[in-house]
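In order, the protein sequences belong to chains A and B. Residue 254 in my numbering sits at position 254 of the first sequence; the count goes up by one each step and never skips. To convert, count from 1 in the second sequence and add 513; that's my numbering.
Simulated from the structure, these hints should not be mistaken for laboratory data. What you are looking at is a predicted structure, and each value in this text was computed from that prediction instead of being measured. Ideal Cβ placement from N, Cα and C applies to all residues, glycine included. Some hints here could point you the wrong way.
If you want the ones that stay clear, here's a sample from chain B, every Cβ over 12 Å from chain A, calculated [to be verified]:
#: 1; residue: Ala572
#: 2; residue: Gly739
#: 3; residue: Lys757
#: 4; residue: Gln761
#: 5; residue: Asp812
#: 6; residue: Arg838
#: 7; residue: Glu857
#: 8; residue: Arg912
#: 9; residue: Ala1003
To give an idea of the interface, some chain B residues facing chain A are shown, with a C-beta separation under 10 Å as derived from the structure [claimed, not checked]:
#: 10; residue: Glu635
#: 11; residue: Ala908
#: 12; residue: Ser910
Take a look at the letters that make up each chain.
2 protein chains.
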Amino acid sequence: MRDGAQQEGLNLSVQDKLHVARHLDDLGVGFIEGGWPGSNPKDTEFFALAAKELELRTATLAAFGATRRAGLRAADDPLVAALRESGAPVVTLVAKSHDRHVELALRTTLEENLAMVRDTVEHLRAEGQRVFVDCEHFFDGYVANRAYALEVVRTAAEAGADVVVLCDTNGGMLPHQVEEVVADTLSVGARLGIHAHNDTGCAVANSMAAVRAGATHLQGCLNGYGERTGNADLVTSVANLELKLGMQVLPEGALAEATRIAHAVSEITNYPPSARQPYTGVSSFAHKAGLHASAIRVDPDLYQHIDPALVGNDMRLLVSEMAGRATIELKGRELGYDVGDDAERLGRITERVKAMEQQGYTFEAADASFELLLAEEMEGARPSYFDVESWRVLAESSRGTEATVKLRAAGQRLAVIGEGNGPVNALDHALRQAIEQLYPDVARFHLIDFRVRILDQGHGTDAVTRVLIETSDGKDAWVTVGVGPNMIEASWEALVDALTYGLRRHGVPVGTA
Amino acid sequence: MRDGAQQEGLNLSVQDKLHVARHLDDLGVGFIEGGWPGSNPKDTEFFALAAKELELRTATLAAFGATRRAGLRAADDPLVAALRESGAPVVTLVAKSHDRHVELALRTTLEENLAMVRDTVEHLRAEGQRVFVDCEHFFDGYVANRAYALEVVRTAAEAGADVVVLCDTNGGMLPHQVEEVVADTLSVGARLGIHAHNDTGCAVANSMAAVRAGATHLQGCLNGYGERTGNADLVTSVANLELKLGMQVLPEGALAEATRIAHAVSEITNYPPSARQPYTGVSSFAHKAGLHASAIRVDPDLYQHIDPALVGNDMRLLVSEMAGRATIELKGRELGYDVGDDAERLGRITERVKAMEQQGYTFEAADASFELLLAEEMEGARPSYFDVESWRVLAESSRGTEATVKLRAAGQRLAVIGEGNGPVNALDHALRQAIEQLYPDVARFHLIDFRVRILDQGHGTDAVTRVLIETSDGKDAWVTVGVGPNMIEASWEALVDALTYGLRRHGVPVGTA
């Protein structure tokens, strides 16, 4: 989460980071690098919150930081103290391993840099933390001064580092070079890791080359996020290791969650997922079948490099969207609906989901809206606590925004005004005020996030807008979705779903009021 | 252009293809595969038009097609005739080389498939065309039945094919496998080529592995277009060959056109270029400088794998949360401002940027707003083409959204109404209509994307909203930012910046109107 967040324009709040960490844990990764405590208040807060709130099943949290400053004792360096006090069981220490960088960026001697590595690792080990050492600019440093680069690796290992990670920080390497350098560096006797960037389009291949040469630790980012061209894509790397090189690196069955998780995280980062992303992209198993349709039907494996279900993706033959019957059935079961016992109904729901996803809805990120859709299909009518007559929003410069909502509920006609810091907020206030007397639970609901995305990039006026709204009742949170040419209309749809879902979740019977 | 156009959603007209061909020729590629004449009217028309209109300086046009049908003489096959009559000096013939595909998709015998390859190559050679043979599913075929796969290569070479291209059609290979198979296949004695897809994220690395093993011909697509996960990206492959492996494959100086050409073609395909694309992406040489800014100033090559000018790209410094004086100074220089010669002013700008980023602004993603801030500090006043008096937005259910904007410009008072599909869109329309007569350039501007984020300085009501707006004039695009408790107010700020920056960029002097 630290290096991925270096991507231009990517900004994660503390809550976003907690969500991403849970997704990474679901994927079953070994370690999650949460940030650099002490370097900025947000990362410090993340580790404090994580220690209280984050329950990880598979992953271990790692804090990132640098070796001690030149001329200071590790125990006295406040940045080292922040790592010690982060509560993270693992610390990833970045160390310079390229002689020119030691002189130019650290402005210290080669000897002092080695001492900085040794002292910091020993200090943190003595304090009970596991340490990984990231050798920054290692490959360029190896070319410039092999002996010194290897000396940094040796120093880190001898001081007690669990793994020494070789970083292609500038990303300029090709796989055959990585393979040679890793094989040579193994002579030091340390356990090695690889950290690759995609500047030559080879981040994943470089990671594979390192593992084949003997590295046992691989660093990557979900969706290939990262500075410049990005880091090695985590899912592609892991899927290659498991499916191509036959190494099991994730818990049994976890890889099948990869597509869902990659897409869910892209909703959090607000970076649309690439359709061409290996393994997880919506186009990655799509075939313009034409000529081969019948052969594909006889033996699909002749036309795909793996069974897409292994990574939770689907083969697509036509222009249809990806939701298949099996997915819907599974998802329904997860939500407590036995959708599968009626084939006709299952077919109808699948068709409806496909049609809506084609319009721009995304149920992957909006479980609550999906559950309302399921409830509608299973129970014959959409759960409804009120009938909307109309709404209106007025916003003026140097004033707030005002919304008027008119609706009917429990035989009453209600017309209420709400104020807010924007159209969605004002509508939310008006709507909740209108029904609060009838449904007191809504007083506990609050809108904690909303995201707006234009789907048809490049067409300005005619574009479709998708709004995702996250609502909390102080205990749980749920996400709803609205889609339409008008942003406020789409927001309203998501808002109505948000309150409806919340009331249903609280067990409020429809029509009680 | 044929395999790239297999990308889901990508559609090129005949005129588009002529434009793309000229761009590829500017890049200096050896061969351009124009399409499959005879398979559809558009491709047939393209070759007819190309023969008349397309003057290529470096490239040679190739027509793609299949070996003759089973049981027919090559001379009598109408699809082979279309290749012969296309006027293309080169024909790329696709041939089956995987035994199961011969049986299942072609429904013929292994012997007849060899005869189809031999006859078709010999026939086209006799008619004076050069022939490349693309061995489809070669790598999977090699694994399934090595002897047969090699026999297809041998048959093609002996029949007179210039190059036999080994295709990883399903894209499942890793570089070490490609290297082994290519090295072994060279024993046949043919000149070999490589055609790689990106399903394991290794299309470029697989191409490099093949070249290192002895292949002398590489097929790729601009911007990595192609079916599923795409083909090997042409620019990344070629830049790696030239800059990493020291092989000159393009005419002198052509590589420096790569970024321009990659972006120009993405305008034609209407697929926004990826910011993370190796070599040509706008983020590919962007640095969140912070800590390292001073070292970057001394020796930029320590922080980049190549000089970006070699591929026609630029180093960019991102003004991020960690912005220090050195970053601001460097960034200013990049934008043409000598900020560094006045230490007091530099300090003032740095403090202001830090304070604004703390409020929620992000200049990293909004270069245009940053440039306006710099201009304000350097020139004593913010560039201003109009004075806003007030604005208002009204949105109602089942209707559109309407905005009113009142402003003064060039001594006139203007009050204008605009409609749109949401508040931002309506304000944008109203604002542009208001000033269009005074500043005709704004008619060419259009809003191409906007992103809204709630920043988590609080919950719901007190939250701060950040709006990023991307605007284009059809040639360039720029991003502006607005921040505030009111979403519409923040959008308005970003909109005003967007038009102001655009007018300034177009050289319109302030106060001309």
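Here is how each hint holds up against the structure:
1. For B:Ala572, the non-interface assignment is confirmed: its Cβ lies about 23 Å from the closest Cβ of chain A, beyond the 12 Å cut-off.
2. A Cβ of chain A approaches the Cβ of B:Gly739 within 12 Å, the least distance being about 8 Å, so the stated non-interface status is violated.
3. With 12 Å as the threshold on Cβ separation, the claim that B:Lys757 sits away from chain A is violated: the shortest Cβ distance comes to roughly 6 Å.
4. In this structure B:Gln761 is separated from chain A by more than 12 Å, as the shortest Cβ-Cβ distance comes to about 17 Å.
5. Residue placement check: B:Asp812 does not keep its beta carbon more than 12 Å from all beta carbons of chain A (closest about 6 Å).
6. At roughly 17 Å from the closest C-beta of chain A, the C-beta of B:Arg838 stays outside 12 Å, upholding its exclusion from the interface.
7. With a cut of 12 Å on Cβ distances, B:Glu857 stays outside the contact zone with chain A, its closest approach being about 26 Å.
8. Its beta-carbon lying about 9 Å from the closest one in chain A, B:Arg912 breaks the requirement of being farther than 12 Å from that chain.
9. The non-interface label for B:Ala1003 is inconsistent with chain A: the shortest C-beta to C-beta separation is roughly 8 Å, within 12 Å.
10. The criterion of a C-beta within 10 Å of any C-beta in chain A is not met by B:Glu635, whose closest approach is roughly 25 Å, and the hint is violated.
11. Given the 10 Å rule on beta carbons, the hint for B:Ala908 holds: about 4 Å separates it from the nearest Cβ of chain A.
12. Proximity of B:Ser910 to chain A holds as hinted, the smallest CB-CB distance being about 5 Å (cut-off 10 Å).
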